[in-house]
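Colleague: Now for the letters of each chain:
Number of protein chains: 2
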Amino acid sequence: MSASGQTRILVLGGGFAGMFAARELRRQLGAHAEIELINDVNYFVFQPLLPEVAAGSISIRDAVSPLRRLLPGVRVRQAQIYDIDLARKVVVIFQGVQRRYVEVGYDHLVLALGQEIDLSRIPGLAAHALTMKALGDAMALRNHVIDKLEHADITTLPEVKRECLTFTVIGGGFSGVETVGEMRDLIFGSLHFYPNIRKDEIRVLLIEFADRLLGELPASLGAYAQSFFAKQGIEVLLKTGVSEATGTAIVTTSGEVIGTRTVVATIGNAPSKMAEKLGLPNERGRIRTERSLRVEGHPEIWALGDAALIPLVDTPSARHDYAPPTAQFAVREARHLARNLRAALDARAPEPFRYKSKGSLASLGAGRGVAEVFGWRLTGFPAWVLWRTYYLSFVPGFATKARIASQWMLDLVLGRSTVQTGNKPPEGTKYLRYRAGDRVFEEGNRADGFYVVKSGRFELTWRDAEGKANRLEIGPDGHFGERALLVEGLRTGTVRAIEDSEVLFVTARDFQRLASTLPPLRDYFGGYLEQAFNLPATAAGQPPRADAG
Amino acid sequence: MSASGQTRILVLGGGFAGMFAARELRRQLGAHAEIELINDVNYFVFQPLLPEVAAGSISIRDAVSPLRRLLPGVRVRQAQIYDIDLARKVVVIFQGVQRRYVEVGYDHLVLALGQEIDLSRIPGLAAHALTMKALGDAMALRNHVIDKLEHADITTLPEVKRECLTFTVIGGGFSGVETVGEMRDLIFGSLHFYPNIRKDEIRVLLIEFADRLLGELPASLGAYAQSFFAKQGIEVLLKTGVSEATGTAIVTTSGEVIGTRTVVATIGNAPSKMAEKLGLPNERGRIRTERSLRVEGHPEIWALGDAALIPLVDTPSARHDYAPPTAQFAVREARHLARNLRAALDARAPEPFRYKSKGSLASLGAGRGVAEVFGWRLTGFPAWVLWRTYYLSFVPGFATKARIASQWMLDLVLGRSTVQTGNKPPEGTKYLRYRAGDRVFEEGNRADGFYVVKSGRFELTWRDAEGKANRLEIGPDGHFGERALLVEGLRTGTVRAIEDSEVLFVTARDFQRLASTLPPLRDYFGGYLEQAFNLPATAAGQPPRADAG
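Protein chains in written order, with our numbering: chain B, 125 to 673; chain S, 125 to 673.
Pulled out of the complex, with its shape left as it was, chain B reads as follows (with noise of 0.2 Å):
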């Protein structure tokens, strides 16, 4: 209870779910209840129009909404969640750059936080692939599909380009079919600008483990998006997986590589960490909840969303049994249970789930979609046309309706803008996967950055003043790449992988800082570069310390 005597109700998570959960919470129950949203950012993120944001043709801000405006009535607080008390009802946050501790206590509690994803099961999928679910990630795809366009007309090395101008996506779902359309349509809208670029030299990959695209929808469905794909240069690839990821190739199941420097994975969902923690009962990595999308055994917690595993009959067997994690049923989630949870507050009884979804749709980019409604099929620009204006009909508020209203038109009269907003690569430490025989660098490279290796094995190729070749062997917990801390080094040797390898990366600025600041690396590396650069230690049977580069 609130220090008013109200009902504290806490829903986590400001997705689709949440958002709405904490809308028809505050419509339906009025002053009963004091409602609080907890989320990790200040913006509700409109998900289906992520492609479109990193394709150019929505801007950023257009593909989000602030919550406070959103909710009125509704307290946002922008944290981070780290626990949940059950036995004690609060939720443990840390707020502001202190990173503060702080308690928020509840009556009932709305977990709506999403579905996790994990890409940690493919060797090197984690490290390299770029993911779909955030802001930061549409940006992100963005800016590195026009890297690749921007190195690939500038170098001289064939295979440097060909890796650049190959593109691939993993999955052949929603998120995939749509992303692989905007990223075509990114990159062959830009080639007019890139003078040394040839069409035929663009390779773009949409990679599925299933035998059909689109699985949500009718096979007829995914067979259109498939020969749409196939006329517009898409090669798509069924019933296979990735093996293993690379900067700069894939592996896949069937022991294909494929050179390739931008991989963008719409697979891997994985369990939630949270409902495991909290031994909240939980399947297929989401939150099992009883039909009234209360969690068993918790009558004071409720559950929606992708995070919510929610059965629509009362024996489930199968998979359409489940509410599907899509919008629209999140969406008829929340206003379920603001019902349910009203009724509980006066003693009611509650009322199971029950939903038929009307339709489902999906873009595929050049003003192509698929889609079917009410038992309908639609194909091509007159599903294209649907999907827009379905989607546009669910953007919350105004405003922002009325913007990307507008921006389409403008879109559709000006051409889209092929702007990098950013490319200063991150700073700190990555990890980096290397299969045998790839480079890591060559002679007369920057030193960019420091290697410590984790697992695997590098060769170490140089020349001595003399002119004589020298080669040395790198295993785990040995290192290289210690020239980077040198401002404005060139590599001296040549670094190879001569097994499958992984490797920790810390960029120069930051291994620059800490190997001078920091007491036992200044001591380890104090004399080091002096004693590995200018005096070699090739004879004396001592190692020169696993370096150069």
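Bear in mind the hints are in silico, worked out from the structure with no lab data behind them. Each statement offered as a hint is correct.
So the derived label-pair ranges between C-beta atoms look like this:
id	chain 1	residue 1	chain 2	residue 2	range
1	S	312	B	197	15 to 23 Å
2	S	260	B	532	26 to 34 Å
3	B	500	S	281	52 to 60 Å
4	S	164	B	589	28 to 36 Å
5	B	343	S	260	45 to 53 Å
6	B	197	S	281	21 to 29 Å
Backbone N, C-alpha and C fix where the C-beta goes; we use that ideal spot for every residue, glycine too.
We have chain B; now place chain S onto it with these hints.
Modeller: Showing chain S alone in chain B's frame:
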């Protein structure tokens, strides 16, 4: 000469000066020359609009245009410039992900790299101030301001709230005045979404070292700006400099300490490192040219824009004898440079550059401005409309013009958008400054990073298992915050600066990765936490190695 026997002209920099120089060269030299432009990003930034991007009154993508679209017939190369070899007439660049070393030859070189910023002369300013030069700066300022409002709305600590709601801009020239005006609009326009923030809690400050604002404009217009700001609730501190900055305060030259978590620095123009490295004549941080825009002693090198010190008379003495660093002049210089370069190729004598400013304009936010045009002075709304129209006329490309105009109209109708576009703090390392007495973190905060002391002194206080208070001092080369090694740990101690101090901060993620992977750190920190936290070495005279927290 290029392979085809054309003269090769290389333009370095893609701002107003470089972009317009490449455009004019292309236009005036036709097939006689091959023109290439090298820039670190692939877009032209319309810098006068950056404060409006920060405030959200125009969208990111409309403040930038792809260089390739603006420069048909010009080769555009996105790369980092590393060095110039004047003797061999090559520019050395790094391109691509590999940072490959590439040499690009030239017959004529046009330097348009703009002016560098150096905030290092004021302690803490480089570490803690936001700037307003690049597109990313505008987005960062916007996100920062909204983040402070979010935090102020939910914090229960009056001091934190006061710091969050105090916004400071340093520098009262065009950039500072426009930034403070737009920032104020963003803040006050967003306030109705923050129920716990009262208008009178907001403090917006503009700090200027001179005795007036807008030094480039007549005194009466500076005075107008000042009185307009007073009405808007913006405090203007004249004859005031800043002597120190931290994450929570600035100290003025009059010794006043102002608690603030937002500091935007529009000051600090620095000498060109490239000019110094190449030994080109330079003065006041700019490359000195002849009146022809040629660099003295280098007939094949030209300079213009903010990077160049261009005399407007034969014997310049005062500041106004040189071309001011404005877009208006840069565009004129570009045209003149192209004409003179053509004359040089035809072995004709170059003409001296002469141009008289047609006027100056500044926006003050809230639909008000000041202007002096052809000797007329305008203030208020008419000046603001003139400002917008003038800059719109400048924006290159019809498509972008139309977009911006439509967006401005939409804003008038629909109101502004209060959306953050991403608030994930960057990973890696950063330097931080603390004043004596400042708290770094306290017991119960989330352990989100690790600190190495560069200078100064800190005290760590904590309670042991028996509740006994402990205290430890940590000086240079000491470190604290090792608890960040524990995933999701909370601070068990409190750290305060007891002198003015500087630290290197490493985010928890990167610290964990490094400490678990890099052998010297693994050795150093192995068993460290157990020792530091489970066995607080209080007796035995053995210090607990500067930690806890």
